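Undergrad: Starting from the known structure of chain W, fit chain D onto it as the hints suggest.
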Amino acid sequence: MSPSPTVPKVRIKVAGKELEARVGETILHALWAVGRGLDIQTGCAGGVCGACTVTVRFADGRPGGTDLACLRPVEEGMEVFPFPVDTVPTQPPVDRPDVDQLRQAYPTLDRCTKCTSCTIACPMSIPVMDSVLRMQRGEFEQVAEDFTTCIHCGLCRAVCEDKVRPHHMGIWVRRSLGMAHEHPGSGEKDDALWGALLSDNPEERLQRAREIRGSGRIA
Amino acid sequence: MEWASDSLKKVEATREARREQKLPPISEEASDSLLKQFHPDQTGQERAVRIGVQSGKLHGLPQLMELLEADSPVPQGFQPVPEIETDVLIVGGGGAGVAAALVLENSGLKVHLATKLRIGDANTVMAEGGIQAALGEGDSIQRHFADAYVGGHGNNHPELLKILVEEGPDAVGWLSRLGALFDRNEDGSFRLRPGGGTSAPRVLACRDVTGLEIMRVLKDALLSGNTHLLEHHSAVELCDDGAGQVTGAVLWHTDSRRLIPVAARAVLLATGGSGQLRLQSFPTSNHLGATGDGLVLAYRQRCRLLHLDSFQYHPSGASFPEALAGQLVTESIRSTGAHLLNAQGERFINEMSFRDVVAAAIIREVSEGRGVTTPSGRQGVWLDTPLIDRLHGKGSLARQFPGLIHRFRRYQIDPEHHPVLVYPTLHYQNGGVAIDSEGKTDRPGLWAAGEVTGGLHGTNRLMGNSLLDIIVFGRRAAESILQSLPTRSATTLSALNRFREERSSLAGVPTEASPRLFPEVSKIRLELEPSVPGNSPVGDAPSSGGGGFEPPDPFFKG
Numbered sequence: 000m001s002p003s004p005t006v007p008k009v010r011i012k013v014a015g016k017e018l019e020a021r022v023g024e025t026i027l028h029a030l031w032a033v034g035r036g037l038d039i040q041t042g043c044a045g046g047v048c049g050a051c052t053v054t055v056r057f058a059d060g061r062p063g064g065t066d067l068a069c070l071r072p073v074e075e076g077m078e079v080f081p082f083p084v085d086t087v088p089t090q091p092p093v094d095r096p097d098v099d100q101l102r103q104a105y106p107t108l109d110r111c112t113k114c115t116s117c118t119i120a121c122p123m124s125i126p127v128m129d130s131v132l133r134m135q136r137g138e139f140e141q142v143a144e145d146f147t148t149c150i151h152c153g154l155c156r157a158v159c160e161d162k163v164r165p166h167h168m169g170i171w172v173r174r175s176l177g178m179a180h181e182h183p184g185s186g187e188k189d190d191a192l193w194g195a196l197l198s199d200n201p202e203e204r205l206q207r208a209r210e211i212r213g214s215g216r217i218a
Numbered sequence: 000m001e002w003a004s005d006s007l008k009k010v011e012a013t014r015e016a017r018r019e020q021k022l023p024p025i026s027e028e029a030s031d032s033l034l035k036q037f038h039p040d041q042t043g044q045e046r047a048v049r050i051g052v053q054s055g056k057l058h059g060l061p062q063l064m065e066l067l068e069a070d071s072p073v074p075q076g077f078q079p080v081p082e083i084e085t086d087v088l089i090v091g092g093g094g095a096g097v098a099a100a101l102v103l104e105n106s107g108l109k110v111h112l113a114t115k116l117r118i119g120d121a122n123t124v125m126a127e128g129g130i131q132a133a134l135g136e137g138d139s140i141q142r143h144f145a146d147a148y149v150g151g152h153g154n155n156h157p158e159l160l161k162i163l164v165e166e167g168p169d170a171v172g173w174l175s176r177l178g179a180l181f182d183r184n185e186d187g188s189f190r191l192r193p194g195g196g197t198s199a200p201r202v203l204a205c206r207d208v209t210g211l212e213i214m215r216v217l218k219d220a221l222l223s224g225n226t227h228l229l230e231h232h233s234a235v236e237l238c239d240d241g242a243g244q245v246t247g248a249v250l251w252h253t254d255s256r257r258l259i260p261v262a263a264r265a266v267l268l269a270t271g272g273s274g275q276l277r278l279q280s281f282p283t284s285n286h287l288g289a290t291g292d293g294l295v296l297a298y299r300q301r302c303r304l305l306h307l308d309s310f311q312y313h314p315s316g317a318s319f320p321e322a323l324a325g326q327l328v329t330e331s332i333r334s335t336g337a338h339l340l341n342a343q344g345e346r347f348i349n350e351m352s353f354r355d356v357v358a359a360a361i362i363r364e365v366s367e368g369r370g371v372t373t374p375s376g377r378q379g380v381w382l383d384t385p386l387i388d389r390l391h392g393k394g395s396l397a398r399q400f401p402g403l404i405h406r407f408r409r410y411q412i413d414p415e416h417h418p419v420l421v422y423p424t425l426h427y428q429n430g431g432v433a434i435d436s437e438g439k440t441d442r443p444g445l446w447a448a449g450e451v452t453g454g455l456h457g458t459n460r461l462m463g464n465s466l467l468d469i470i471v472f473g474r475r476a477a478e479s480i481l482q483s484l485p486t487r488s489a490t491t492l493s494a495l496n497r498f499r500e501e502r503s504s505l506a507g508v509p510t511e512a513s514p515r516l517f518p519e520v521s522k523i524r525l526e527l528e529p530s531v532p533g534n535s536p537v538g539d540a541p542s543s544g545g546g547g548f549e550p551p552d553p554f555f556k557g
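The listed protein sequences derive, respectively, from chains W and D. Under numbering that gives the first Met the number 0, residue 218 is the last one in the first sequence; the count climbs by one each step, no gaps. Under numbering that gives the first Met the number 0, residue 557 is the last one in the second sequence; the count climbs by one each step, no gaps.
Do not take every clue at face value.
[As the list claims (entries may be wrong)] Label-pair ranges, simulated between beta-carbon atoms:
(1) 190/D x 199/W: 37 to 43 Å
(2) 411/D x 109/W: 38 to 44 Å
(3) 368/D x 191/W: 25 to 31 Å
Rather than coming from a laboratory, the hints here were simulated on the basis of the structure. None of the values given here were measured: they were computed from a predicted structure. C-beta: ideal position from N, C-alpha, C; glycine also.
Extracted from the complex, chain W is given alone in its bound form:
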């Protein structure tokens, strides 16, 4: 099951130091292979926790930028720089959200100069800047949709020169809408069945459980 040994190699640089990597692997796995796993902060290693933020430059001169080390495959001549983003305190959501309340929680909302840096920085392809403009207009349902796959890596916040905090506002909107929704009830139950399901006899418990799976009742 291990990768074949004939995989071609490339040279990359991470934090200024060169290493050899196998074509097809990610920056993160290349670092692991040479014992440099702590060079880039890591969490899930699967593209959803946002820990391993980096900036990347390519040898062929095409635009580089921010990305996740666990998802970006290596390529010849690539230069990588760790770009960890600090976790900072957040503002609590409200249960009837409007733009003024969002502005109160995150006063830099209106400082967006439409430079698009946040959208370019987002490793999840979220239209971050457009969504900030939607926040200003109070189009919260669409904002919630935009931020569905946000991994809170913080890159949009880190690259913003005007201290706008898009991902924090995104989750503020999502949570506020969630709080405003109707919440679930208590579900149906048939407590008379517990006697059989919790019988002292393990065989009987299993048999009763099989019956209930079939019909919802004991046969």
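TA: Leaving out everything else, chain D in the frame of chain W:
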């Protein structure tokens, strides 16, 4: 995927004919025999542990038993003079730990949450498919129990399972009031999907990023509260008072490589699972830190462990591209109608069978020569993702599974048009630390919640019951701590010392210390900063009065 074009043509050729095809549920006999022959738990390699409270009685794979028999990384004679004194120390920053921390907020207790990585860098955030709660019409709490009990082969602890299912609706309500957004139907009701082995639709989801949604809501709530956060602090040992009560932990700080003793009145172990041990060379869907630390720490404190011979190999880990090997491809794609196909384009199992059965069926196909081999030498079967749009309309796959699409498109694979190749991946630690209905372990002062515990799921867990577990039992453990917080007692390493004594009489014990903290493949190792006095053996221990009680500015909050 030129290398697979022959097989892909067969998949496409059978697609239309398969649309309406119904496979019967697998019979109990067939399923038993499949598991016996092909499930990775049944390879017969287990052995008994040779040390500790369950010596000769607890069985598991040798790799796991070695971890339990290994020495601690804490140097001989290390004095656990507390640098931090707190009321509650939560170890683990995933869903269970953070849910507990939120319950303890505003209790007036000082709470520290220590985590190896950052808050939220955990298996919770990687969970995709959903969370179970019996909220549907025609469903019931008892049906939920029955499904989980049969799926767990009747090895579930009935009392724990009853609590899980009874508290399901309330746990989802709690998340909903915190602002978690679950998918809804047009009429505003929750959209419920089936999962493998559910007898009614019961799985709530946020697209295919349910764990991410739950974790980011919990994390956002935690970050606006007053819990003291100790990120990049791994627990490497538990402290006790010499009379059987757990009283703190020794943490290892990744950046300074120092050991930091913490004194606490209660410790909650919420350290998660162990997929990164990559048992039997399986790839894993787990995060970097899932190395079974909690099992090791609890066992040294003479807590019992359950079902360590049972692991969940999730049927659908990615097999291609190599960079995604082992990563989860959510079960809810099968719930939504996608078929599993062998190299010939044939279905071979009812896709909604229990997870262990589906995993065994995939392994059977591959081991009998009906799998597909990738250029890297991995094996797999097809998950026919393009079928989703055929069944539910164009754009359905992308709308419901944005995480999947995003991940594969980076590698020029479009699951809307091409099936994805999958093979079982080490996903979940079914067993773990024994707890009672309050989350108490065998030792006073020590609670446990979430994947680190055992008994609840028996020997096979159903989709959506783990996200529920962490919320129900994370909250429950915190409530129990509030009810029965022990008085402060001495912080010593006497359990460790006794363990070491017992170990010294054992031949052929492993030399590498545990907990390992990081996977073998990452080559990251616990190292101690030699120039720091506290890291040296006794004699060099700090002579100061010790017990500096204010935390050294943990994180960004004082």
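Undergrad: Confirm or reject each hint.
TA: Going through the hints against the structure:
1. 190/D x 199/W: 37 to 43 Å: The hinted range 37 to 43 Å holds for residue 190/D and residue 199/W, with Cβ atoms some 39 Å apart.
2. 411/D x 109/W: 38 to 44 Å: holds (40 Å)
3. 368/D x 191/W: 25 to 31 Å: violated (51 Å)
When held up to the earlier numbered hints, the structure conflicts with hint 3 and nothing else.
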